[in-house]
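> Those protein sequence lines, which keep their order, are chains A and B.
So the mapping is simple: the working numbering equals the position in the first sequence, first residue as 1, plus 858.
So the mapping is simple: the working numbering equals the position in the second sequence, first residue as 1, plus 2.
In short, the hints are calculated from the structure, not lab data.
Here a beta-carbon is modelled for each residue, glycine too, at the ideal position from N, C-alpha and C.
Treat the hints with caution; some may be incorrect.
As the list claims (entries may be wrong) - Derived lysine-lysine pairs resembling BS3-like cross-links, with alpha carbons at most 30 Å apart:
hint: 1; chain 1: B; residue 1: Lys227; chain 2: A; residue 2: Lys925
hint: 2; chain 1: B; residue 1: Lys331; chain 2: B; residue 2: Lys205
hint: 3; chain 1: B; residue 1: Lys310; chain 2: A; residue 2: Lys925
hint: 4; chain 1: B; residue 1: Lys89; chain 2: B; residue 2: Lys205
hint: 5; chain 1: B; residue 1: Lys199; chain 2: B; residue 2: Lys183
hint: 6; chain 1: A; residue 1: Lys925; chain 2: B; residue 2: Lys219
hint: 7; chain 1: A; residue 1: Lys864; chain 2: B; residue 2: Lys173
hint: 8; chain 1: B; residue 1: Lys267; chain 2: B; residue 2: Lys159
hint: 9; chain 1: A; residue 1: Lys864; chain 2: B; residue 2: Lys369
hint: 10; chain 1: A; residue 1: Lys925; chain 2: B; residue 2: Lys182
hint: 11; chain 1: B; residue 1: Lys359; chain 2: B; residue 2: Lys267
hint: 12; chain 1: B; residue 1: Lys205; chain 2: A; residue 2: Lys925
hint: 13; chain 1: B; residue 1: Lys91; chain 2: B; residue 2: Lys369
Claimed, not checked - Not everything, but these chain A residues come out facing chain B in the computed CB check (under 8 Å):
hint: 14; residue: Leu871
hint: 15; residue: Ile872
hint: 16; residue: Gln873
hint: 17; residue: Ile877
hint: 18; residue: Leu879
hint: 19; residue: Ser893
hint: 20; residue: Met894
hint: 21; residue: Gly908
hint: 22; residue: Val909
hint: 23; residue: Leu911
hint: 24; residue: Pro912
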Amino acid sequence: MHQALKNFIFEELIQIDDITLFTEQDDLLEAGLDSMGIMRLVLFIEEEFGVSLPDEEIEPDNIQTLKSIVSWIERHR
Amino acid sequence: MLTALNTADHFTLMMDHEIRKSGLSGNFCALVFELDKKLDPELLAIKEKSFLQRFPEANVRLKQQGRRYFWQSYTQGSSIFFAHQAKHKDSAHQIIQSIINTEVSTYDAAPITFHLINMPTGSFFLLRWFHPICDAKGAELITHYFLHENETPPQGKSPFSQMENKWGLWKKFSMMYKAKKYIGQLDQTSSSLPKIKKTPADKLDFKLLRFDADTSKNIMRKAMKEAGMTSTALYFIGCLMRALEKTGCDEKAGFCVPYAMNMRKRKALFPLFGNQVSFLFAQASLNDVRDRKKLFSKLRAQHKTTIKSALDQALVPLMWAGSWLELEKYGAIIRNTPQGEERSSFWFSYTGEPDPKLTEVAGSTVKSMFQISQVTAAPSLGMLVSQYNGEITLSFNYIANQIEASWLDEVMQNIAHELHGHDSI
Numbered sequence: 859m860h861q862a863l864k865n866f867i868f869e870e871l872i873q874i875d876d877i878t879l880f881t882e883q884d885d886l887l888e889a890g891l892d893s894m895g896i897m898r899l900v901l902f903i904e905e906e907f908g909v910s911l912p913d914e915e916i917e918p919d920n921i922q923t924l925k926s927i928v929s930w931i932e933r934h935r
Numbered sequence: 003m004l005t006a007l008n009t010a011d012h013f014t015l016m017m018d019h020e021i022r023k024s025g026l027s028g029n030f031c032a033l034v035f036e037l038d039k040k041l042d043p044e045l046l047a048i049k050e051k052s053f054l055q056r057f058p059e060a061n062v063r064l065k066q067q068g069r070r071y072f073w074q075s076y077t078q079g080s081s082i083f084f085a086h087q088a089k090h091k092d093s094a095h096q097i098i099q100s101i102i103n104t105e106v107s108t109y110d111a112a113p114i115t116f117h118l119i120n121m122p123t124g125s126f127f128l129l130r131w132f133h134p135i136c137d138a139k140g141a142e143l144i145t146h147y148f149l150h151e152n153e154t155p156p157q158g159k160s161p162f163s164q165m166e167n168k169w170g171l172w173k174k175f176s177m178m179y180k181a182k183k184y185i186g187q188l189d190q191t192s193s194s195l196p197k198i199k200k201t202p203a204d205k206l207d208f209k210l211l212r213f214d215a216d217t218s219k220n221i222m223r224k225a226m227k228e229a230g231m232t233s234t235a236l237y238f239i240g241c242l243m244r245a246l247e248k249t250g251c252d253e254k255a256g257f258c259v260p261y262a263m264n265m266r267k268r269k270a271l272f273p274l275f276g277n278q279v280s281f282l283f284a285q286a287s288l289n290d291v292r293d294r295k296k297l298f299s300k301l302r303a304q305h306k307t308t309i310k311s312a313l314d315q316a317l318v319p320l321m322w323a324g325s326w327l328e329l330e331k332y333g334a335i336i337r338n339t340p341q342g343e344e345r346s347s348f349w350f351s352y353t354g355e356p357d358p359k360l361t362e363v364a365g366s367t368v369k370s371m372f373q374i375s376q377v378t379a380a381p382s383l384g385m386l387v388s389q390y391n392g393e394i395t396l397s398f399n400y401i402a403n404q405i406e407a408s409w410l411d412e413v414m415q416n417i418a419h420e421l422h423g424h425d426s427i
């Protein structure tokens with residue numbers, strides 16, 4: 859799941875020099891994830907992992923890192 | 003050598019035609035940096051030659067062949083850097099105004115020019131660009147590479163062209179049908195406009211509304227809470243809709259606001275040239291606008307549905323089809339509803355922090371940044387939102403002899419209240 863998310867984020871949303879150096883704890887918002895990127899990411903997650911993520915839960919605590927995103931997805935599986 | 007304009011470039015060229023038809027100088031925009039010190043113009047003039055050698059794509063002129071348009075290399079020497087003197091900030095404002103209102107034909111316009119405006123203390127450094135050459139993010143990159151001669155952008159493909167090339171002809175036609183249906187639904191609601199005096203347009207002017215870092219942080223917190231993390235730009239659009247309604251405007255059934263979507267990956271340092279933007283619409287009825295909670299809930303849901311149904315991409319084939327029309331016909335379709343009314347209530351742009359961040363210009367520290375863009379008449383008003391060092395600046399661009407300054411002051415007061423989460427006065 860981590861890898862699928864990472865691939866989507868860095869292939870589609872944010873430019874990064876070396877994807878292998880980005881860890882699950884690194885801050886995606888600092889890395890450049892903006893509001894349109896967040897929207898696209900949420901829609902990708904819903905389609906890819908078959909979950910429904912409530913709009914009111916789209917907040918920094920849930921999308922700031924790859925780790926937090928995975929936890930968020932798992933809570934809705 | 004001829005380089006073809008892409009679909010998005012063509013769209014901005016059509017808007018150039020519409021802006022000129024409105025009586026204004028053309029589709030010119032500016033990125034303006036306020037600096038803490040005055041500068042020796044020579045420090046910037048010497049960068050010009052290196053920039054043009056590294057980026058010959060900047061030294062071009064537009065050429066028409068039939069209904070297609072191209073950039074052609076410009077072999078005659080001409081400067082792209084200009085130095086100005088201003089006695090004080092007010093006269094610097096007038097110089098900036100004259101730069102954005104400079105009349106030059108579409109085919110003679112240098113697409114990229116840099117300007118330094120020195121004052122007794124402090125200065126402004128700005129890039130004026132002709133929109134068909136690039137979008138606002140491209141303009142930020144061009145400015146960065148003009149100032150940093152030792153840096154070269156990485157190679158990479160145009161995300162806009164990559165996206166377009168994914169679709170075969172039938173796919174394009176089905177997307178166009180979807181986009182036409184979407185716009186048809188939007189056109190069921192007539193669009194309110196600013197209070198515009200019935201005089202022919204003359205010149206663009208601008209007024210700025212700046213918020214310090216703490217206030218800006220609060221505004222962004224409110225934006226995330228009310229418009230959501232996925233659509234913070236819509237917070238600004240919604241607040242301006244409310245401010246216009248409260249101040250009093252040419253009221254119709256609702257508001258409809260086009261906003262751009264940049265296809266670039268964030269933090270990407272390429273491409274510099276070529277527009278990489280499609281657009282979406284934010285629309286709300288007057289009833290929605292009058293109820294703050296309902297408005298932002300509506301705008302959020304609308305934004306999600308639009309992206310989920312890929313309507314953002316669906317507009318691209320429509321732009322592609324439009325690029326085969328004569329500019330006059332293309333412009334009429336884009337601006338007007340079938341009832342012949344202006345579709346856009348106001349123009350809007352939100353670019354956030356510049357990327358990469360420009361902290362100094364030839365040793366002088368950047369204090370703030372804002373943007374300027376010509377608009378059509380109507381709607382005769384645009385709001386461009388940018389951030390620098392966490393400080394938000396709203397740049398209101400308006401046609402000076404059509405929009406009463408006192409009315410605009412009231413709109414600005416009201417939007418400030420709305421952004422803080424208070425109802426307008």
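> Go through the numbered hints given earlier and state which of them the structure violates, listing their numbers in rising order.
5, 9, 10, 12, 17, 18, 21, 22, 23, 24
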